[in-house]
Structures are given as structure tokens and as C-alpha cells.
Amino acid sequence: MARVVVEGLTKRFGRVVAVQDFSLEVEEGELVSLLGPSGCGKTTVLRCIAGFERPDSGRIFVDDWLLNDVPPERRGIGMVFQTYALFPHMTVAENIAFSLMIRGRPREEQEQVVKEMVTLVHLEGMEDRYPHQLSGGQRQRVALARALAMRPKVLLLDEPLSALDAKIREELRGEIRRIQKTLGITTLYVTHDQEEALALSDRVVVMNMGRIEQIGTPFEIYNAPRTPFVASFVGTMNLLSGRMDSENIFRWKEQALRIRPDPNIRAGQAVYLALRPERLKVSLTPEGIPPVHNILPGQVEWVTFLGPIGRLSVRSNGEILLVDMPSDEALRFPVGSSVWIHFHPETGQVISRER
Amino acid sequence: MTVTLRGIRGNISRLLRLLSLEVLLLIPFILFVGLFEIYPILNMAYRSLFDLNGNFTLANYINAFTKPQFRFAIRNSLLFATAASLVGGIGGTFVAALAVRLPARWRNLLLSLYALPMTLSGLVVAFAFIVLLGRNGILNLLVRRAFSLPPTFYFNLYDWPGIVMVYAFFQIPLMTLSMSAVFENLDPNLIEAARNLGARSWQVWRYVVIPVLLPGFLAGMSIQFAGMMGAFGTVLALVGMAKNLLSLQIYSHSSESTYNLPQAGALAMVLITITGTALLLLSWSARRLARRGA
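The listed protein sequences correspond, in order, to chains A and B. Using numbering that gives the first Met the number 0, the letters of the first sequence correspond one by one to residues 0 to 354. Using numbering that gives the first Met the number 0, the letters of the second sequence correspond one by one to residues 0 to 293.
The hints are simulated quantities; they were obtained by calculation from the structure and are not laboratory data. Note that the coordinates shown come from a computational prediction; the quantities given were computed from them, not determined experimentally. Heads up, a few of these hints could be off.
[Unchecked claim] Facing chain A, a subset of chain B residues (Cβ under 8 Å, in silico):
no. : residue
1   : E36
2   : T56
3   : D186
4   : L189
5   : A192
6   : R194
7   : N195
8   : G197
9   : A198
10  : R199
11  : Q202
12  : V207
13  : V208
14  : P210
15  : V211
16  : L288
Virtual Cβ for every residue (Gly too), placed ideally from N, Cα, C.
Assemble the whole structure, with the sequences as input and the hints as a guide.
In C-alpha cells form, the structure reads like this:
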């Protein structure tokens, strides 16, 4: 297995900068997701590593091997495409064996590898079918098997699940992680689905407008977003725009809120306070709220039933704050009722508004 | 008595229900095909089985395969149709391959310019080529003057290569239009996937691009071949009866001094059979390939 190192990668298309100064090290056997909205440059990074795009500057290594001038067919990096890109005139077995057939490997070896791969991706009995006789999920399994059949050092997945139904997507997501762990293959996974990225990655790289916003474990990305973009893109977030009165007092309009001091934030700085809806509490009366909590009075404007959870939209200080709770609790708050939102000073993350 | 009447009335209303609006709308089409396609073919097939005096005979068919003038006509038609479809097919495929690489605006402009020749009458195109490339056509004159060549030097429009070239004027655009649709449907990810799996450029073509394009190419070729087997107007305008093609033989036996309608009918049946067989073979193989690639 191999390490992937990308140093200062920049790629322009005409005057559009698709990727700017992108650096990343992926450890052996690690699964790293590139997460961001469409057009953020994540696919371009992947295509540069695969060799389909030439970087304008920067270097790409697999272990100590500089890849910049190596044509894609000699990189030995497997890739899975969003559109599956299965060869329509070949059976499942022929698709999987393609890389070996191209290299002129003996028939017995090809059959052996096909058998192995078909078992790995659970497609037993489908060997002689053509791609159009398979479901979307099965096609993507074939594409995965085909990429793995050449024993690549690195696996690249470009939105492999985006074209699939929610149910299949979740199932295949688990399969991909299982196979990746079994083979211990270094993997880069591009997605715009934050839930997918959090669920299956060792680390997540959040990208926006061609730049890296933050690199971290799914836990860090979710709980300690460092930029307003990460805070709002990953999950649902209440972002209160205000200013630091002192190092532990955040001023939001007329309200002064006590918060955990952050060594990177100075008094007087313009900041956001990022609060996850599920970390906020709501009471119908101010009595019984722990004295240490910050309190924001408000009015329930809307209640949304989301299955296991219910979401209150509470107007406070002229803005809407979202509060999540188990749905049976949420339904106890009538629309229009006056409520008190409260939260512990340790809750929430201060994010600089200056870039 | 009443029972039968009611039964008849029931049958009529059932018949009327069957003849619902959709069926009525089909009637003009059925009439048209019947009157102008099926009836003439059956009539021709029937009449080709009699001699000029109305006696039953297979002589017209025996002639078609034994008389040298007809055997040459069949051979020439096959050779000409094959050559012209290959020129059109390969030329059109190349133009389409280039056209799909252009930005959409230029591609659409090029393709509409390319569709233009197909709207022109074959006669007009023949005369245009005679003006340009006839014995004393503009291009021949210019080349002779530029290189001080004798008047015996000219590009001969009136021989097979010339005729094929004039037909290419129709055939290449026709193929370009059908192949550009085929190329546009070729998923570029297929090529990238093949390279990613280790295929070199020629292997990508050999194992992926050509097999994927082949059904569309064969479909285009059948249109080419069918059209060229029946090539008539332009070639008549260019060379008259100086070349021996099946279509020209049929024409001469149905309207010229060599009038012999049953013989023309037999030749036409031969032409229909050859074209039909070729089309069946091409569409069969295209479908076989496409079924895998659907």
C-alpha cells in the first residue's frame, strides 16, 4: 500500500481557478474524503491524481514516485466514476478482467481474479450479464471490482454513490468501507454529501471555491468547524453574527453570552457563534434553567416533524434559531408560544468572521 | 329473428369500437403504403413472371443472371454501392469525429451547413459538378492553365471515381449527421476508465471506442448502402446510359427504346432482394452488437 502526497496543487481552466494551492498527505490505508459543493474543485484534484488533468503547478507523489509526467495508464491508480463507465459491450466478467486482458495476463489468472473480485463485491452469478442488465447499485459494484482487479496502490472514487437511491447508497457506503478496510487500500473519496463523508472517512477535507477550508477527522469537522463555510456546509448550524466584548463574552445584538474562551480569538474581534440545533435546549418557563446557562427568549414560529427528531424554529432577537429534540418533545411546543432557549457556555464554537 | 338482429347490431358496435379514432388516423398511412409501395411491388413481381405476350415464364429472371449486360449491371451496382458507402461512411465518420470536438456553436453551424447538400436535387448537384469539373469545367481549366497542361489533361468526372465523388457530396453529410449523434452519446468516462485500467491509446480504440461505436456505424452504413444501390438521378445526369448500373437498366427497360416492362420488373425485384438482404444483414449485426451495449 502507499502514501499519497499532494503539494501545492493549482489547476486553472482558462481564467477560472479550479484548484488553488491544494496540499494533502494521505497515509497508507487511510480513507480521506474531499467534501464540498459542486464546482469546489474536489473532482479536479482527483482527476489530477488519476492523470486526466495536468496540474498548472504543484507536485503529486505516490510514495516517493513523482507522478506529474506519468500518463494515466501507467500510474496504477484505480478509479471509480459517478457514471460507472462500465464497458457496455462487455460482460461483468470481461469488465472486471479488462486491466488483466490489456496486460496480456493468462486466461487462468484472469478467471481467478474475476472470481475473487466477484466474491469481494457480492456479485456471484452475475458474471455473464451485461451492464444494462444490472441495477445501478450492481453496476457500481462491478466498477469497484474492475478498479480493484488491477491491484491498484491507490483507489479514487468520484461521487460513486450520487446516482443511486438513498437506501442503496447507504448500503453500498458500508460495503465500500468494509472492502477498503479489508484490503487496507489508500483511498480518496470525492463527495458533496456531508453525511456520507462523515460516515465513512478517517479524515475529511472540506473544500470551497478551489481551496481547502479545513482538514480533520469527521468528529473535528462536525464539532469544531474552523470557518463559517465548514460550519454551515456540514450539518445544520445556527450562526450568530456578533463581536467579542471580552475574551469570554460574545455580544449578539443586545445579548451578552458567556462562552468558552478561544486562544485564537481576541476581544473586539468580529466573530460567529456556531451552535448546533441539537445542543440547544428549550423551556416554556425560565424556572429550572441552570444558572450557568445562557438564556435567549423567543417565540416558536414553526415546528417541523423530521421522523426521529422534531425541529423548532424559534424567533429570537429578530432571527430564527433552529432547535432539535426528540420529536415527541418538540410536538409539546405550540406554535406562537413564548419559550426560553438556553445552552451551556461550553456549547458552541467561535469562528472568526475575518478571513 | 330479433336475436340475430341484436347479434348483428352487437357485432357492428364492437367493430365500431375497434375502429376507434387511433385506427382511423392510421388509414391514410395504410392506404398510402398499400397503394404506392405494396401494390406496385406485388404487381411488379407478378408481371415479371410473364413474357411480353403474357405467357408465364422465368426467363426474365434467368436473363437477369445470365445475360452479360445484366450480370455486369448487378456487379457494377454492388461495387459502386459498396465503394460509395465506404467513402461516405468513412468520410462521414471522420467529419463527425472532428465536429463533436468543436464548441457547440461551431459544431451546430458546421452540421447545418453539412445538411444543406441533402436538400438539393441530385440533378442540380450533377450540373454543378459538371460546371466545376466537367471536361472544360472551371477547375480543370484553371489547373490546365496554371500548369500549362494540354487539353487532353483533365479530371474525368464521367468515370467511376468521378461518380463516387459526386455521390460523396450527399453521402458524407448523411453519415456525418448520424455519426455525430453516435459520437455525442459516447461517454468520455469510458475512455478515461480504459486508460485508468492501463489501456494504451490504440488499446482504448481497439477494445472500447470501436466496439461501442460499431452498432451506430453499421446503422449509418445501411442507409448509405440502400441509397447507393438505388442511385439513379445524378448518375443519369452525369453519364446518361454510358455506365451500366442496375438502376439504369431498369430505367431503360421501362421507358426507353429497349422497353420491356416484365424484364424491368425482374431486375427491380433483384435490386430489392439485394438491398433487402444487405439491410437485414447489417441491421441484424448492429442489433446483435447493440443488444450487448444497450
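Structure-based check of each hint:
no., hint, result
1, E36, "violated, 35 Å"
2, T56, "violated, 50 Å"
3, D186, "holds, 6 Å"
4, L189, "holds, 5 Å"
5, A192, "holds, 4 Å"
6, R194, "holds, 5 Å"
7, N195, "holds, 5 Å"
8, G197, "holds, 5 Å"
9, A198, "holds, 5 Å"
10, R199, "holds, 6 Å"
11, Q202, "holds, 6 Å"
12, V207, "holds, 6 Å"
13, V208, "violated, 10 Å"
14, P210, "holds, 5 Å"
15, V211, "holds, 6 Å"
16, L288, "holds, 7 Å"
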